[in-house]
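Colleague: Two chains, two separate frames, one set of hints: put the complex together.
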Amino acid sequence: MPKHTNDRLQGTLDLLILKILARSGAQHGYAIAQRIHNVTDDSLRIEEGSLYPALQRMTHEKWLRAEWGLTDTGRKARFYTITPAGRRQLEEEERRWLELTEAVARALRFA
Amino acid sequence: MSPLRRLWNVVRRSRMDDDLRQELDTHVALIEDEERRQGLTAEQARRNARTRFGNPDAYRERALDAVIATWFEHAWRDLRYAVRTLRKSPGHVAVVVLCLGLGIGVNTTIFGLFNAALLTPPTGRDPDRLVQIEPGNSDQISYPNYKDLGRPAGFEDLALSGRVTLNLRSGDSLQSLTGLQVSANYFELLGVSAWRGRTFSATEESPEQRPRVVVLDFGFSRRQFPDAGDVVGRILNLNGDAFTVVGVLSEDHRPGMGLFVPDLYVPITPIVSGRLDDRRGGSFDLRARLSLGASRDQAAAAFQAAAQRLEVAYPVENGGFGRPPLILPMSGLGSLQGRGTPSELPIVLAAPFVVFGLLLLIACANVAGVLLARGASRRPEIAIRLGIGASRANLIGMLLSECFVLSILATAGGLLLTIMVTPLLNYIHLPNVAALHVPPVEANINLLLYAVGVAMVTSLVCGLIPAVQATRVSLTSGLREAAVKGVSRRRLRNVLVGSQVAASALLLMTCLLFLRSLLYVATVDPGFDVHHGVTARVTLEQNRFTQPQQHLFAEQVVRRLESLPGIASVSFASLIPLGGDSVGLRAQLRERQDERGIRVSVSNVGPRYFETMGIVVRNGREFRSSDREGAPPVVIVNETFAKQAFPQGVSVGRDMKLQSEHEDPWREIVGVVADNKYTSLSEAPQPQVFLPFLQTGGRLLVQVRTIGAPHLSLPAVKNAIAELDKTLLVEVQTTAEATSIEFTLRRYATILLGAMGALGILLAMIGLFGVLAWDVTRRTPEIGLRMALGASRRAVRTGVVRDALVLVGAGTVVGLAAAVGATLPLRGFLAGVSTADPVALGAVAGLLLSVAVLASALPAHRASGIDPSVALRGEG
Chain Z
1 MPKHTNDRLQ GTLDLLILKI LARSGAQHGY AIAQRIHNVT DDSLRIEEGS LYPALQRMTH
61 EKWLRAEWGL TDTGRKARFY TITPAGRRQL EEEERRWLEL TEAVARALRF A
Chain G
1 MSPLRRLWNV VRRSRMDDDL RQELDTHVAL IEDEERRQGL TAEQARRNAR TRFGNPDAYR
61 ERALDAVIAT WFEHAWRDLR YAVRTLRKSP GHVAVVVLCL GLGIGVNTTI FGLFNAALLT
121 PPTGRDPDRL VQIEPGNSDQ ISYPNYKDLG RPAGFEDLAL SGRVTLNLRS GDSLQSLTGL
181 QVSANYFELL GVSAWRGRTF SATEESPEQR PRVVVLDFGF SRRQFPDAGD VVGRILNLNG
241 DAFTVVGVLS EDHRPGMGLF VPDLYVPITP IVSGRLDDRR GGSFDLRARL SLGASRDQAA
301 AAFQAAAQRL EVAYPVENGG FGRPPLILPM SGLGSLQGRG TPSELPIVLA APFVVFGLLL
361 LIACANVAGV LLARGASRRP EIAIRLGIGA SRANLIGMLL SECFVLSILA TAGGLLLTIM
421 VTPLLNYIHL PNVAALHVPP VEANINLLLY AVGVAMVTSL VCGLIPAVQA TRVSLTSGLR
481 EAAVKGVSRR RLRNVLVGSQ VAASALLLMT CLLFLRSLLY VATVDPGFDV HHGVTARVTL
541 EQNRFTQPQQ HLFAEQVVRR LESLPGIASV SFASLIPLGG DSVGLRAQLR ERQDERGIRV
601 SVSNVGPRYF ETMGIVVRNG REFRSSDREG APPVVIVNET FAKQAFPQGV SVGRDMKLQS
661 EHEDPWREIV GVVADNKYTS LSEAPQPQVF LPFLQTGGRL LVQVRTIGAP HLSLPAVKNA
721 IAELDKTLLV EVQTTAEATS IEFTLRRYAT ILLGAMGALG ILLAMIGLFG VLAWDVTRRT
781 PEIGLRMALG ASRRAVRTGV VRDALVLVGA GTVVGLAAAV GATLPLRGFL AGVSTADPVA
841 LGAVAGLLLS VAVLASALPA HRASGIDPSV ALRGEG
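Going down the list, the sequences are from chains Z and G. Under this note's numbering, read the first sequence as residues 1 to 111, first letter to last. Under this note's numbering, read the second sequence as residues 1 to 876, first letter to last.
These are computed hints drawn from the structure, not numbers from a lab. Please note that a few of the clues may not be correct.
Simulated crosslink set (EDC-like; lysine to aspartate or glutamate; CA at most 16 Å straight-line) [as the list claims (entries may be wrong)]: (1) Lys76(Z) / Asp33(G); (2) Lys76(Z) / Asp25(G); (3) Lys718(G) / Glu562(G); (4) Lys76(Z) / Asp18(G); (5) Lys657(G) / Glu562(G); (6) Lys62(Z) / Asp14(Z); (7) Lys76(Z) / Asp19(G); (8) Lys147(G) / Asp18(G); (9) Lys147(G) / Glu205(G); (10) Lys147(G) / Glu311(G); (11) Lys657(G) / Glu591(G); (12) Lys19(Z) / Glu102(Z).
Isolated chain G (complex conformation) (with noise of 0.2 Å):
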């Protein structure tokens, strides 16, 4: 009979029974009919009818289960009864579900915020055919090369996309956007169409055109124009340009670019982009659709052909252009292999999963501890059901359903709180990073599917092992509900209790290493003056100023400020130290050209740069105004650099080069300054360049130093630049401000484990709490048996008291020997203390102790006011 047929009969099931109720019965009447024939009384007969027959309700049983899914209607049952017998106790629900639902609630919000960044494809029409290109050279492509590259064979089509910030001006305000510049076939390649009005049509295409128009992102349009009907043909002031708005997103469209969302869209053009003749390196990247049916491999093939041509035709702007490309998917942990993945990366991704995982696993520990003494109290029951022919399978189902529906109330009030958590992600402001742009919680079938998956690993985590314990009942003993028997349960409690102290410390012992580091941080010497600082980073219109004018810009910005009161000096850069921007390239010595160069950190600052940061000039000069464009290159370098190029030898006057896609010319080292701390405050000095400003370029930050305290100069500092242009964007910050994101972050990565570590030691401290107090009222004729044989109140609760220090402690033992080990991975994030840190041991054992002690008090209160005559007598 098909499985189905069963299933529906289970709906049947009541008139089925009846049927098979009367059926029996008349067959029993018959029997009953012939013995009396044979001339037996009617009650001989009956009794002999029903000998012979045997029992009805078990034949009624196995022939139901000739023809219903019996299983479906055992755990149907089961879920049932468990619904029935948890009502009765509701405040245990209340504690399980409370302890479950926040350990399920912090998994399922991670999880939410990795399907949204990772998991999710970008919204369109097939997105399994899309793919991301990293070319033979780079990770990215320069706009010449996507160009001549057409469209090699196994493709579909190819576009291009690059991240640009655009100045918005509305009225008299300036505001700064994220947007991305995309070839006009973007969208018809995603095989997105706009929600109103159009994306871009392939007039829009060349960038010769300077087509201005833009497309909106759909929550972009609605922060912006709250009240607006249609947006579509608005002008939007962009970069100093008029935009047309030619179309908005749909609510729904998902870039595809992790937890970034631009504000709006526009074609490549100079106009956005500068200069795009350049065929080195390059600046976009590159997304495809693969043909039907081509696979990545024969893509990369034909996409290395192609590139290969280019190489050889500009063997100079293209070397290594040929070379394998790699084609990898847009979503996935396989989207994460491009070159540009940090190596950091899955430590950063695994270790939330880890830390929240644990903290489940505390939760679930407690949980399974008050399930197990549930089960003790239950024994009586247990053995009834198991006596009156219930099998141990069937029971441990019975058990098994209860911890179900406990995980599913715990997941739903888990998936709540995600719901509640998530939209407040929004408002973690990271500096200098563009907000988060969190989706909300939808009704996603990854989360979904992992919520479900969670709720069934932590029932049966929580539930298997209570319930084997529950059921492993000898039907006399359990009847007779010996307290003596609780031995081995005990001895399962205390691993649990133990385990969830090891969990505790692990997370504590790094939320503390996490502390330490944030301290030592705290304590370092950047190099330069934090607290006599002001930074202003100003963003110019891109089309509006070449290279000499950027240069004459920010002098004029240097004379204004300086004419400022309460203002020491003032310099520009392209960059200011832990910043959160760095550049790395390759410097190569005049004398030793032969050698690979030296990995070198790279800023371009202007004159009067060192006095301006509280850098010291230990050699040579600094950089002067005279030091432009036209006059010889030079070069200053710090102590590190000078000891690792120059070992020996005096540094100043000799002759070095940047290895870059520029070609950069040979330049004098006309100063050596002292070292300051570059990406990082935990890093060893590196090498470290500088070029002139004037020489070079780049984005600027306007560097103040001032005589008083910092942030009273703000003000006027803003002002004083933003009179100089109108189209300018100035963010203007204390350079304490402006170079805390490393604080900042370790900040954030100290509180979330502080919290986790907290949260973790309180579900411990419960579950210890519950032990001990289960253990004391289970022992309480024992202890009465001690009293009344001598022993004093005193003896009574320093035993309560060292059974609870005896298992924190082993818990801790284990735990700390584990945190040793397991934080060793996390050793790049850590500075100034060591994975095997004493303090923070010693921290993380005290407070676990003292913990100890605190859970015990009540019990061990409880234990000594213990009357001996009562105890005794309640035992019988």
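One chain only, chain Z, in its complex shape (with noise of 0.2 Å):
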């Protein structure tokens, strides 16, 4: 079985994830890896690598749906939707990582 050796890193391509398709609509692979690459400016690489396995996994907790559709290019492709499962996941992960992050920081200012 395949080991992450960092919850917290798949758990922030999780919530990357889920945050971008509850803003846009239906997104295929390449285009959430784009959307990934745009708004963290390539700060955060994410490998297509992790970007898969990860879709696979969500997808089966269904947190997403995925329909075979065309690009419009014409090209056959996997898209994926956020499911109200899936929104109420987002809350949850945006809520740990913002308590996280507070906590962080409140450690950093007064440690």
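Modeller: If you want it as structure tokens, here you go:
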């Protein structure tokens, strides 16, 4: 079974994917990768090797729904949309992320 | 994600795989589009896209890993691969499966027996609540005590059972059956109902009513009435009384008494049980069902309280009855903690497992050797696999699964062997022991678990070392296939063969010790004449003979037989020495009543018994027909007793008595006879006491001394006794046969050990041959070089044989050293030989060394036939 050496990082990727899909409509993997690069100004390199396992996992968790469709250029691609369960998960992850960053920030201020 | 979902996804894998491939292809294509928009050529765009994206196959694997139980998939893939590779070498598979199958087969067979005899609970409802009870004073209980106990708190019910021999007459022929006499609630207590008809009803509970009803065991009913449809309502003539069959038990009924299966069941009545009003001692086994929720300790306390009341009420008869009882389960090892269990039992139970386990280990070592050699020849393959990124764990998994497939095949073969061999065990007839009823092997969960466990352990034992070794390949040398690198692997194989030889030496040593004991026992003088004796075991119909009638009948038999030609003298006894029966009591002397009595072996014998048996009377006289009921009580003792009891004095004329449940009178010693063996040929002389049969009684064995060869008189003796009373069952044997139980048992043990030893040495020989042949092949260039430099063929041959001798010699030394210690627990079964017997040690060493020479013959021949020029060129 695959081991996730860094749960926090995986959670971050989940969070980013959910956030992107919640803002926009259905997106395919390439577009999601592009968006991540753009919004993070390329400062967060998300490898494609991590993206697809995450998409698979989240689809199986029923946070995402996957449907085949055609891109603007007429290529067959899998489009992901966020489900209600996925939105709940997003809220949860956002809340946890904020808590964590606040805690770290506090620690940095007063330590 | 739940593991179940992940496992389910395995099935959907190929669709998921296709989808992912498509998805990743699209991703690469989209990058390519992007690159092209920036003005690159199609060719450059594609190349850039590939580099930017990375290895799509690896991503796909990772994506699948996230949602599929890949461990299962890998295991499955390894297994399929193992089956494919093994199919390519059927010969190698055959050897391994044969070796391992034999090893596993004997183990599952012995476990099957063990399981049937000990681990399987009796048939019935809720067997966990069934217990056997041994009261404080004995391992059995008397009928009046059972009746008066009632139902102590914590028990739902209590029931009695006891073995009984019954004579079944059909037409003119008689046969002896082993039945169980039970209280009427016995079947109800077990929770067993009849397959046909019914079991016993409450009205059959009172022995006074003498109910003549019988319930048959399924197997017996089949054997006895093969063609009959319904046997319920039939009449059986048992012990001269007509019994009605009221029911037949179902085929799968197991009484839970080891391998003993009664032919039939009768209610406890005076007809079959004799007197039931004697409170002392006891002759019945007590079984009970605990109440729901009652613990064994609570039940034991309640039982003890009830038993103490009975001890107070009958202090003479029930001495010790109120001591804490033993409450034991019906099955499992815990059921053996009773007082009646012989102290040798643990050894007897464990020994087969040790012996067969050793054999399995030898087989495992063999298979490990084969796999090690196979691993060596697969080094290039393994190196390539490591080179393209397989992890070592992956490879070990792959090699182990090969071994696992082999083990499964071998286990299947072993179980097949078990199924074939087990019914044959029913043909083992031990003298004076009812035939074994070995139940057929069933799809039994215990047996199956055991077999799977053995398969797992063997595949690990056989496979792990070779797999670890095979994958210890350095990439460069592995690909170059350098033969010189085989040193550590060679050492490993040497250790394997050495331990095989050691284990074989242990088996052979044990076998030889038993053989030596057997030969020794054959030369031991039993102290009586076995060459001119005929022994007739006469089973009387108990309800028709009172004790005086039995005495008269015995004397009648003597008169009738004495009139036959070729007969020198005739007598009778309650048991004959070495016949499988024994009675042990304590004897008290009139002069030294304060001392604890001497332990003596007892038999009741008729007039002229010592003359008939050929036992010398040293002092005094032998019994006469006037030593009967009403005459002064007398006794005869043997020399060992006389020496122990009266070290300086004369024993004839002194008084002694036996301490038994039945009050025995003071008896005057009227004779001293020479010692003879009593229970075992290997025993030291035991103090023995003989009582006059005509003042006591017991089972009736008629002993005849013939003038010529005894077997010639067998038919005449049998007919003469049968003519006197047609309801008797007579079994006639020569005395040599009747006293051969010990010899027979020893012979069985020796044959079994011999077979295992031979099998072990055969396996070791195959292993040794394998290692030598492999070694010679591996060393071909070296040997070629030696020969080119002038070594003679003879020197080369000697070199190979010497290697074999060193290997086997080391194994033998270790094995024999272990044997001397390991056979110590068996000392009780050995006779006339010590565990460090030099003859046996020498024989084993000699045998194994000649095996070494034999196994090295072919490899040595091949080595000396190596052509130096070819060998040196072959290396390149």
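Colleague: Now, for every hint given, state plainly whether the structure supports it.
Modeller: The hints, checked one at a time:
| no. | hint | result |
| --- | --- | --- |
| 1 | Lys76(Z) / Asp33(G) | 14 Å, holds |
| 2 | Lys76(Z) / Asp25(G) | 10 Å, holds |
| 3 | Lys718(G) / Glu562(G) | 13 Å, holds |
| 4 | Lys76(Z) / Asp18(G) | 13 Å, holds |
| 5 | Lys657(G) / Glu562(G) | 33 Å, violated |
| 6 | Lys62(Z) / Asp14(Z) | 13 Å, holds |
| 7 | Lys76(Z) / Asp19(G) | 11 Å, holds |
| 8 | Lys147(G) / Asp18(G) | 79 Å, violated |
| 9 | Lys147(G) / Glu205(G) | 11 Å, holds |
| 10 | Lys147(G) / Glu311(G) | 14 Å, holds |
| 11 | Lys657(G) / Glu591(G) | 11 Å, holds |
| 12 | Lys19(Z) / Glu102(Z) | 19 Å, violated |
Going down the numbered hints, you'll see the structure goes against 5, 8 and 12, while the others check out.
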